[in-house]
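> Given chain A, work out where chain B should sit, using these hints.
Chains A and B, in that order, give the protein sequences. Counting from 1, one number per residue, gives the positions in the first sequence under my numbering. Counting from 1, one number per residue, gives the positions in the second sequence under my numbering.
Some clues are possibly wrong.
[To be verified] Examples of chain A residues toward chain B, derived with CB under 8 Å: (1) P27; (2) R28; (3) R41; (4) A44; (5) G51; (6) G52; (7) T53; (8) S57; (9) L122; (10) V233.
It should be emphasised that the hints constitute simulated quantities derived from the structure, not laboratory data. Please read all numbers here as calculations on a predicted model, not as lab measurements. Idealized CB from N, CA, C, for every residue including glycine.
This is what each chain is made of:
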Amino acid sequence: MSARPDPARGAADAPAVVCLHSSASSPRQWNALVQALPARRVLAPELIGYGGTPDWSYEQPLSLDDEARRIEPLIAAEPGGVHLVGHSFGGAVALRLAVRNPQRVLSVSVYEPVLFVLLNELAGEFGMPVPEALEITSVRIAIRRAVYSDRSAHAAKLFVEYWSGVGAWDALDARRQAAVTARMRKVDAEFDAAFYNAMPLAAYARLAMPVQLLWGEHTRRPTRLITDLLGRVVPDVARRELRGAAHLGPITHAAEVNAAIAGFLDAQRARAPLAQAA
Amino acid sequence: MYTALEDEVFLAPESIISGVLAADFDEDELDAPGDHDFAAAEMGFGRDGIGARS
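In isolation and in its complexed conformation, chain B is listed as follows:
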């Protein structure tokens, strides 16, 4: 009934190929944490947040 994706992951019969993960990553997202504005973070925004008020 189930097919294996990897040895330890079992999937329902449908195997869905929907394309690639298209999230828009930037290289700087790989930077170590610390490059952020704490005040902005407290309001829910970090480096990439949209719509933060200045």
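One chain only, chain A, in its complex shape:
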């Protein structure tokens, strides 16, 4: 098997923790979390097209359901259910998985899930797009324009500097710039999934499992508003702001974010594993 050895395997009968990485990243972003959860089994699959897995066909818009369907066999193989962890686009996929698999998902802990489609619901409420929707839409349009005019490196720069600040692109070495650039077509498709796959905010009001919403103190306004909206409707929700962090908190502030995830998981220990796979 080509997957790397698991560095920290917990009790075989304990519910697994399934971690979903962010756009342009890889499962390796969770290496520190694996170390922070020594008593748990951590499974961190790639999203579509990462790590040498089959790429998206690009023949139709990518959806969160497409990503969820790829992960669901992994969840189905866990008779005790799973805890989900996700960052950014991976967080959006995690929440979609929770809605689709309420009997198998024990808890969800997400850092700034990019459910940009939720911002569009506010346009109906206010009669015009809210500034947060306009902001992320402008980013999305600029990235698409660049990707489809053979300027993927420019698209990558826009993507990196939107989330990490002006100058972040130039701070990357050429190898990392090339790695991000190579992923921009998929990242562009992920924007499709984040923007246009309508699952209304009300759908998340039906989540019965505990959900932890994490965000960075300095994140962008669109992601801050999304976490606020979710926090208002998810019934069993814990909310936590990470001081000093921005959108890439799970990477730049891994110790603090991982401690929040570990603490949340510990709080779920009293929750009995699922008795039987469906």
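Below, chain B without anything else, positioned relative to chain A:
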């Protein structure tokens, strides 16, 4: 109210400098798709997945 990052991208007033993208990329991630285990991929794991069962 808004400032421009690039000509076509408009940002809310706060400009956040949070450091560099610190994802741990390896050079082999730049390889063309195809170097993977389909059975592993079907279970949600590719070359970099963590925790796959053998």
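> Return the numbers of the hints above that this structure violates; sort them in rising order.
Hints 8, 9, 10 contradicted; others consistent.
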